[in-house]
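Participant: Each protein sequence line maps, in turn, to chains A and B.
Per my numbering, the first sequence runs over residues 14 to 453.
Per my numbering, the second sequence runs over residues 128 to 1114.
What the hints contain is simulated information worked out from the structure, not anything from laboratory work.
For every residue, glycine included, the Cβ atom is placed at its ideal position computed from N, Cα and C.
It is possible that some hints are incorrect.
Unchecked claim - Not the full set, but computed from the structure, chain B residues with beta-carbon under 7 Å of chain A:
1. Y788
2. Y796
3. G801
4. L803
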Amino acid sequence: MKHSYKTFAYFPLALLIAMIFLFSSCKVEPISDPNNPALTSIEQNASIGEIQNLVDGIESGMRDNMAFYFDDAGAIGREFYRFSTSDPRYVTELLGKGNAELDNNTFYISRPYSAIYRVIKNTNILISALKNTKADISEAQRKVGTAYAKTIQSYELLLAFNLEYGNGIRVDVADPSNLGPFLSQEESINAIQDLLNAANADLIGSLDKFPFSSSIYTNEAATFSKFNRALAARVAVYREDWAQAGTALSESFFDLNGSLTMGAYYLYSTAGGDQLNPLYTPLNTSGETRVVEPSFITDAAPGDTRVAAKTSKRNETALQDDLKSDYDFYVYKSNTASIPIIRNEELILLYAEAHAQLADPVNAVKAINIIRHSASLADYTGATDLNSLINEILKQRRYSLYGEGHRWIDMRRYDKLDELPIARPGDNVWVQFPRPINEL
Amino acid sequence: MRNFPKHVMVFLLILAIPFAVCAQFTVTGTVTGVGGDPLSGASVKLKNSTDVGVTTTASGKFSISLPGKSGILDVSFVGYKSESFSVDPSTGNLNIALAQDASNLEEVVVTGLATNIKRSNLANAVASISANDLVGTTTQATLDGALYGKFTGANISSNSGAPGSGISVKLRGVTSIIGNSQPLFIVDGVYYDNSSIDNGLNAVSKAAAQGSSVLQNNPSNRLADLNPDDIERVEILKGASTAAIYGAKAAGGVVIITTKKGKSGKTKVEFSQSTGIQMQLRKLGGRTWDAAKVEDAFDSLGLALYNAVGGKTFNYEDELYGQKGLMNNSRLSLSGGNDRTTFYTGFTYENDNGIIRRTGYEKKNFRVNLTQKAFKFLDLSLNYNYVESESNRAFFNNDNTGATLGVSFISTPWWIDLHPDANGNYPNNPVATSNFLQTRDLITNREKVNRTLLGGTATFKILNSGKHNVKVIANGGIDYYTLNTLGIFPKELQFEKEGNGTNGLSTYGTTITRNQNASMIAVYQFSASQKLNSRTQAGLTAEDVDQNTVMATATQLIGTQTNVNQAGAVQPYQNKILQKDRGFFAQEEVNYNDIFIGTAGLRGDRSSRNGDANKIYYFPKASLAINIANMPFWNWEQVSQLKLRAAYGESGNFAPFGAIYTPLVPVIYNGTTGSLIDVIQGNDKLEPERQKELELGIDFSLLQNRISFEGTYYVKKANDLILPVVIPNSSGFTNSWQNAANIRNRGVELQVNAIPVASKDWNWNIQVLYWKNTAIVTRLDLPPFNTGGFGSTLGTYRVQKGLSPTQIVGTAGPKDKVDPISGLGLLGNSEPDFQLSFTNNLKWKNFELSVLCHWKNGGSNINLTNFLSDLFATSPDYDDKTLDPTGTLSNGPYRLQESNNTASIWVQDATYFRVREMAVNYRLPDFIKGVSQIKVGLSAHNLINVFKYGSYDPEVSNFGISAINTNVEVTPFPTSKSVHFNVSVTF
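The whole structure should be built from the sequences, with the hints applied where relevant.
Facilitator: This is the structure:
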């Protein structure tokens, strides 16, 4: 009895000593996020499926808060009014009413800005994932996949640049804890061009497919290059590098005789959890609506079919804060209509602009006429000096690309913001948005 | 140690015990207390022995077999002064009358994982609540409700009056800003999960859709599953200075619960039955109407409706909240045992109907506690508890769809007829989006819980030589439960049909929680001399948490079907919480002659909740108590105790679950699912929130312990509080989790116990508690921000350096004090100025009267029930003219007009005085043979309430157990008061 007592009794003591030893040597197994895929594991070793998820995440995220972007550009560019009973700031601050100023912490800049950089973050994750994945993907596929990511990234940076303009943007944002500097206006747009060019170098002439499927334009690297070049042409024109614009156009999906709607789009659907086209504005609604800036109707050339195609006469005049309109914004006919990212109609007009600037009025007018014919207008008969041609091109861009976020940027490029119509006395036209407060 | 030689003798005697095993004798006796009443459960044990001891029976009798030829018996009972008696074979029958002790100096207080300490030697203000304090006065549905007003330093509030409703317990002020602020509950060594689990009804209320992402469904918390009747005692470790030994999880404090154990002796059978009714705590009444008022508020449409019913009004408050809910609580317990084995088994059936039709709470609770002295060196104990409960909770709180009963009730004037026709078809509510009578009668919001708690302890007594005493305690437990939430909103509801809703909605959720914990602790007691002894302990702990919630929300229901697959659309949801913690601790206590009692300890914790799962975080503690009255020079007889104490400790609080991860969230695009980076950046470098608390106190007892005083001052710093800090959005994230704030709490806690009268027939006990806390934000690494509530025009919380974290700010009028930085008015603070509770216990012969009063002074609520009722022109005082100083506007329009200038209109004083518990009991004289006691009584809960606050009850929270932004009310389930008739019979 005595013997067994001791044996039993010392046993737990020995166990305890063993456990203390265990505590110092044995580790707590870290638990990875049980509810969501974790960033680190995707960056370190993503599966093929996870890479596809990242791409779908990018293409879905590209649409996030774009309604604010289009409303910003459309309102300041005096294309349409965004009437809202729940938020009057669309018709006060955005339109520079009286002493109203743009705020650096309000939805019209903070929401599109953060959504844009969120997509950029996802593209950087995709780049890391493609670099590190142990999935069976060839080097060439990793390369073209990365080029896809960079192309999307440069498009998103361009959107940020369009809003911030003279304030410049951050381009190097790969490391959240060590963000690159804000570049100047010129450095920003040049960096975007460089990024597009670098991506295109890996895309052009490639025989590879992306190691994933994309709904933006295509899965073929070489074909995707044409989308990249279309964006490059837009950026080159913004940079007034007319020669490069011409080269980029020739390598893009630009087609003088092709369909004007050919291009890349944001897609929408009614499927559960998917997004609806936020710019679709049901006719004759009051409260939350978009209505046409009246001069868009009155300035139109007689018979311009684009007016009827993109607007609709209201039953009742829409009114808010001394602004009124008799026409609904009706570019999108349903809540699942696609919104263009870039399309052939813009490319044809970029072609016209580049050729006008390169002192080639013949080709410029040729392109202008293609657009005019599409709107049932007769050939251009005006003067062919540079100034006249640019004015004509700006007008065609106004009607062809109505509501697609161009008018404000085009007028800004040519320093013509003061020519935008001011329907309400005392309103101002903003050049750019302030840098968001969270960046200060 | 004045009788030194005697103690040496006893000491030698005890050493001699093992060598004199043959000699044995028996002592019998009776222990009595106040007025000669027998004391049941008093401890009678051989001095300095851990083995030889019994407890008295229900009639106060005991019989103890003692080894050797003589010995000293220690007789003790909680609330009484201990006595010692020398006994030998000639002693025979002892009649022992114990004297009451207001200071409870002999009480043994559980303060750590394996050891306990006499209250007189305690260096901390640990609150202890006995079974009698807890449930002795009146029937208690839940433990947390039973605690309020019974100890200092707590701010407890029920979130609403819904059956099984969640209760928020906050100890010593503000512990966190967005992290957990609730204490850790430990039942017989088992970590007791107290999660608040969402019921999915946001899909109907859309309360969290706009502006606020905080769910406002008022989920219950799972402490409701614990049966208060099974509890023997509760110890509350309020801050880090005491709770440090629990380390990384203990910032909210620790509540240690010990359940009842059997006592050796005759089997005791106890049956008790309580029957009562509950009713609405405060009725507000309705507005009185006439045609002019109707037309003013509801235009011609309203007037037509008013005329259609002939100007008749219905009392909808009575119809909706007027049910006298029958409450029933039946309990049977058996306990007993012998020298080696004891058992306790209890069964409780509780069935409470709410004050609203089709609401209520039903609980079945079964418990078995066993202890076994398996071998000389091994004691075993086992605790098993099974609970099954069901609560039907109606549908309340804020919503953005007008669907809840509360919002619908408040927006409907009483001349609208909402009653169903003969065929049971309900009319649509013409002035609101839902018909609350229809909603009440047709919806289901049910929670069902099945819970099993299993705990076991093995104590190995390795060495017991008198000088050296070593034991190892191994403890383990499992807490396993399944929670089912069921929400059914049939398609014929006004807010579901005709395109108003989703054509019916059914939500079914299952949460399975499986938590386990284990510890192994070695305790070494060393008596260096008669005067000096020490206790060393060290141990390992491990806790695992595994919680998995799956919920399906079905809409577009098929016919009257409620299965989630009988629907046009189903939205699944799943959330898991996994956690592994491993810790160790070591603690050294030194006691010099009960004069100086010093303790130092260290806890180290690893957890998967930290960014680095293997980093050890250390939490130190130290304390010192000095019993001046025990010093040799002390000869002031009137002061029987004078103790100074100081304690310091640190404890931790984990980041919100998931904060260390940077997840990618699912998005739908073009028929496929994608992964998009979340907008909040996780931070695997997060440090746990760390609390540092210093506590200073003085305790003294006067006049043979008839009066005792306990005073405590503390400084509790909650440092490195975790917040989602705004970062440059070009990073791709809007916020990042960071350690970004410190809060300092300072408070005072005072306690006086007294026995003014103790005679044969009369006995009077008083306890007065006073406590107050003030908090201030001392560090904030980000700009001040508003949080909680519904924006500054209605009053909101604001975290700002230099100000209280619980301050309520809002649009400022000319009379309001304005913060120069934010330009917002400083309109109130949810923290009370002070709280005072007062317990009286008066006995006369066999009668006993107990009253617990609670006065909470100050503290503000954001009363949006009032706002909504004014907005819908239904406030009872809408037409009174008591507010407008110019006397032109009546109250409703005046409040609405003023609220355009200042949010202070809705920030209202929540001061209250409340008689929380009140009871009269009568113990029948012994007249039936075999029955040792029969007690009958009447008791009441929250019967008397005095408050000016303009709603049902100032104790309310729309936002559940949030850390700071509570005290907001939006049409809650009204709270209730109750009266009970109680009978208990002990055999």
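Participant: Compare the structure with each hint and give your call.
Facilitator: We went through each hint and held it up to the structure:
no. : hint : in the structure
1   : Y788 : holds, 4 Å
2   : Y796 : holds, 3 Å
3   : G801 : holds, 3 Å
4   : L803 : holds, 4 Å
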